[in-house]
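K.L.:
Here are the chains, one letter per residue:
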Amino acid sequence: MKEKLVLIGNGMAGVRTLEELLKVAPDLYDITVFGAEPYGNYNRIMLSPVLAGEKTIDEIMLNDEQWYIDNHITLHKGKEVINIDRSAQKVIASDGTKASYDRLLMATGSTPFIIPCPGHELEGVIGFRDIHDVDKMLEAAKQHQHAVVIGGGLLGLEAANGLMQQGMKVTVLHLMDTLMERQLDSVAGKMLRKSLEDRGLEILMQASTKEIKGQDHVQSVLLEDGREIPAELVVMAVGIRPNIALAEKVGIHCERGIVVNDTMQTFDPKVYAVGECVQHRGQVYGLVAPLFEMGKVCANHLAKMGIGRYEGSMTSTKLKVTGIDLFSAGDFTGGEDTEELVFQDASRGVYRKLVVQDNKLKGAVMYGDTIDGSWYFDLMRDATDISDFRENILFGQAHLGDSGHGDENRIAMMADSAEICGCNGVCKGDIVKAITDKKLFTLEDVRAHTKASSSCGSCTGLVESLLAHTVGGDYSVAPHLKPLCACTEHTHDEIRATIKEKELKSIRSVMDFMEWKTPDGCSKCRPALNYYVMCAWPDAGSDDGQSRFINERAHANIQKDATYSVIPRMWGGGTTPEELRAIADVAEKFNVKTVHVTGGQRIALYGLKKHELPVIWNDLNQAGMVSGHAYGKALRTVKTCVGKEWCRFGTQDSTQLGIELEKMTWGSWTPHKYKMAASGCPRNCAEATIKDFGVVCVDSGYELHVGGNGGIKVRATDFLCAVSTEEEVLEYAAAFMQVYREQAHYLERTAPWIERVGLAHVKEQIVDDADNRVALAERFHFSQKFAQDDPWQQRAQGAEKHEFEPLKQLNA
Amino acid sequence: MSENWIEIGTLSDIPRLGARVVESKQGDIAVFRTADDEVFALRDKCPHKGGPLSQGIVHGKRVACPLHDWKINLDSGLAVAPDEGCAAYYPVKLEGDAVFLSLTPNEGCPN
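Chains as they are written, first to last, in numbering that gives the first Met the number 0: chain A, 0 to 811; chain B, 0 to 110.
Source of the hints: derived by calculation from the structure; they are not laboratory data.
There may be inaccurate statements among the hints.
[Unchecked claim] Calculated pairs, PhoX-like style, for lysine-lysine (alpha carbon to alpha carbon, straight line, at most 20 Å):
1) A/Lys359 to A/Lys762
2) B/Lys70 to A/Lys516
3) A/Lys523 to A/Lys504
4) A/Lys22 to A/Lys1
5) A/Lys516 to B/Lys60
6) A/Lys523 to B/Lys70
7) B/Lys48 to A/Lys559
8) A/Lys22 to B/Lys60
9) B/Lys70 to A/Lys22
10) B/Lys24 to A/Lys807
11) B/Lys92 to A/Lys807
12) A/Lys89 to A/Lys1
13) A/Lys672 to A/Lys523
14) A/Lys523 to B/Lys60
15) B/Lys48 to A/Lys608
16) B/Lys24 to A/Lys608
17) B/Lys70 to B/Lys60
18) A/Lys559 to B/Lys70
19) A/Lys97 to A/Lys1
Isolated chain A (complex conformation):
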């Protein structure tokens, strides 16, 4: 017989937990849900747009009753649970309905705080919390003129804006001297106030309510200073309190909220709690992203997997008032040991303040232009060292050479037919439709349902903006909790550390030890695991060909028509008449349609059939050429100029240096493709400053540059250091490559990796610590012992023969 799970509270947090549970363990429990409200499950954070008339209630429903039926969940709606018999493991609802449980999940949410001033119980005084409140406000807007909103925080301003949209004259009373003081500093608060007043809101600051006056129905609000404001509707939006009445009544330990541990269990381990009703590590949350993170962890534990832990959330805020862009996150007030970076352009209405501590971003407030909000948020969550781009950080990510982002207003203006994701041909309308129809909240959800941003990722910023614009609120989930893929709860870093620590030398052993959720992974995790195993154990790891992408399995690049291209290595971009002749002979012999010079100084042959490959390689091998690895997550090319041998400006023998770099590094597998270049002088003809590792020769020696690429987002390199000998260049090159190989996530190029961990982190290991540099270089060279075999030669001699031959040729 199945165990019984009872959920108290049919809101976003509880139902999200059920959804997560059904994903990982669909048949584990008989589930019963009690909800006090007479509705299904709806998106509470979208109440503001409903009030403002931008959405209807139907549009914000998350799960209709059919969903409960489809998932065999018993739903008791409109029934409030009034008691829990913990010894008998039963819950009792107000109408006498009982349900017994093996495990109980409390998601009782929170209640609006009502100031107990005289008159607070009058007709027309309400909170802003549920559909019922919104209905009342919409009703009042039809009949009455004047509304007072008490509370100039996030919720209060959204309510005020909504009522104003409905045609009421609205006055906001705020006790403090800054609007949204928990999210904004005084400068941004003033800008917000001006903008709201320009729209027609009346805002009274330091306004303390003395009394709400009226007979049966509210008529006015009296302030301590004697002012009296007419009002037929008063909305109290001064804060929310975790709803802990039931938990307290039945003896579950509560402080401000129901106290839970990292697995979302209360002091009664059979009883879990998630959402706004809980207090975790001293924090209570009122935003949506933490609730979802909690739900995921709780579901994991309910599913008896026991590997998820909730470690708290960092949150950010946006105001859902159309046309006002503000963003805040983290600790933006700062203190004695923090520094503030401020940018202010009053005429454009733009303001941003960043709080920095120990070269890490701690908090941000932005007003007027919030395009960089998600970037700042990422820098905070990843604790990125910003010292190397500190002088530009206020101007935003675009000023770091990242050209891939657009802002939210631009997104709003775009036509529905505008293409957002060029890789998968997904346009704005498709994404917005999926977000609203399928109730999506996270980037991952959007990727799964629309494919947008799931390929090259350059449109990720646009998709995030669309999400923020469509959903509102905070949709994002902390990346340090982000698993490698849906097959596991573990992150890239956890997996890499475990492979080393537990000496896991095959994909199978990693999946078994780390409790993979799928029998044999997916096309996302298997190539990553294969790489991680081989990087950690170059000698003893077992390389799994079936977990490599076809390009690496067949050592040629698959093209759109299922033919392949072949690119022989040309060391440092040099070639000889013999090599050229051999390439020409192969091209002629196999009737090659296209011979093309690549961007990396190589000659490529296109349109080859798979079964022809071993024969072609044999011919090229005979002429002394080996695979260029132009298909792999591997060292690709080392681009060079002709250096001092020919060039009148050349300072060093950059061509020979390039050849030596390539001889040292060829054959090595890396998290993503890896390119190098060596330029003979600062004119930089080999374009070394947009390579993963670039050398620019100067009179005094060699400048080393890292983390550049000419990819989707062009990024110029960061300057690593200058050295004076070729030996040093080679040592630094090997060490840098090894740090990248050991620490980056699979499919992360050096550019995003360096932006994630910070250049300082890389410098510490390579420039500042000579012993570590030597050790890294040694590990690189050790790994190369096993990697520097020409795969073409092996296959020309018959290795993996089955890969290139049909199983059977039929005449039928």
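Once you've looked at the hints, dock chain B against the given chain A.
P.N.:
Okay, now just chain B, sitting in the frame of chain A:
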């Protein structure tokens, strides 16, 4: 319906979590082998842009197309949602180690 079974090789000819191609007059057919030694056959053309499914990564009862990473169900030929489309599905059976294929695709798939 009587299928004309054709012996195409042995199970061990096909790599686990991999595929081999059978060439026929009606085009290439990809024959897959899962981790559990189940065998499936699909027309070697992704319903998206015709990518050779035989070259993809096999996981569970699915294959990821090597061109644009569409996932196709091996036991039906249907693309995994949100993608839509279908690669023709051919009957296969194992007798001992021998693999037999029928060249009559299951109905219902236009591809």
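K.L.:
Indicate, hint by hint, whether the structure satisfies it.
P.N.:
Hint by hint, here is what the structure shows:
1. About 16 Å separates the Cα atoms of A/Lys359 and A/Lys762, which keeps this hinted pair within 20 Å; it holds.
2. Proximity of B/Lys70 to A/Lys516 is assessed by CA-CA distance (about 18 Å); at most 20 Å being required, the pair is judged to hold.
3. Between A/Lys523 and A/Lys504, the direct Cα distance comes to roughly 19 Å. Compliance with the 20 Å bound is thereby established for this hinted pair.
4. Distance check on the hinted pair: A/Lys22 and A/Lys1 sit about 17 Å apart at the alpha-carbon level, within 20 Å; holds.
5. A distance of roughly 15 Å separates the Cα atoms of A/Lys516 and B/Lys60; the hinted pair therefore holds under the 20 Å criterion.
6. Proximity of A/Lys523 to B/Lys70 is assessed by CA-CA distance (about 11 Å); at most 20 Å being required, the pair is judged to hold.
7. Restraint check for B/Lys48 and A/Lys559: satisfied, since their Cα atoms lie roughly 8 Å apart, inside the 20 Å limit.
8. Distance hint between A/Lys22 and B/Lys60 is fulfilled; the C-alpha atoms sit about 18 Å from each other, no more than 20 Å.
9. For the suggested pair B/Lys70 and A/Lys22, the alpha carbons sit about 19 Å apart, so the restraint of at most 20 Å is met.
10. The straight-line distance between the Cα atoms of B/Lys24 and A/Lys807 is roughly 12 Å, inside the 20 Å bound, and the hint therefore holds.
11. Taken as a hint, the B/Lys92 and A/Lys807 pair is honoured in the structure, with Cα atoms around 16 Å apart against an allowance of 20 Å.
12. For the given pair, A/Lys89 sits about 16 Å from A/Lys1 by alpha-carbon distance, which is consistent with the 20 Å threshold.
13. The suggested pairing of A/Lys672 with A/Lys523 holds, with an alpha-carbon distance near 16 Å, which does not exceed 20 Å.
14. Proximity of A/Lys523 to B/Lys60 is assessed by CA-CA distance (about 15 Å); at most 20 Å being required, the pair is judged to hold.
15. Taking the CA atoms of B/Lys48 and A/Lys608, the gap is near 18 Å; set against the 20 Å cutoff, the hint holds.
16. In summary, the hint linking B/Lys24 to A/Lys608 is supported, as the alpha carbons are separated by about 18 Å, within the 20 Å threshold.
17. Among the hinted pairs, B/Lys70 with B/Lys60 is consistent with the structure: their alpha-carbon atoms are about 10 Å apart, no more than 20 Å.
18. Taken as a hint, the A/Lys559 and B/Lys70 pair is honoured in the structure, with Cα atoms around 17 Å apart against an allowance of 20 Å.
19. Of the pairs offered as hints, the one joining A/Lys97 and A/Lys1 holds, with about 18 Å between alpha carbons and a cut-off of 20 Å not exceeded.
Checked against the numbered hints listed earlier, the structure breaks none of them; every hint is satisfied.
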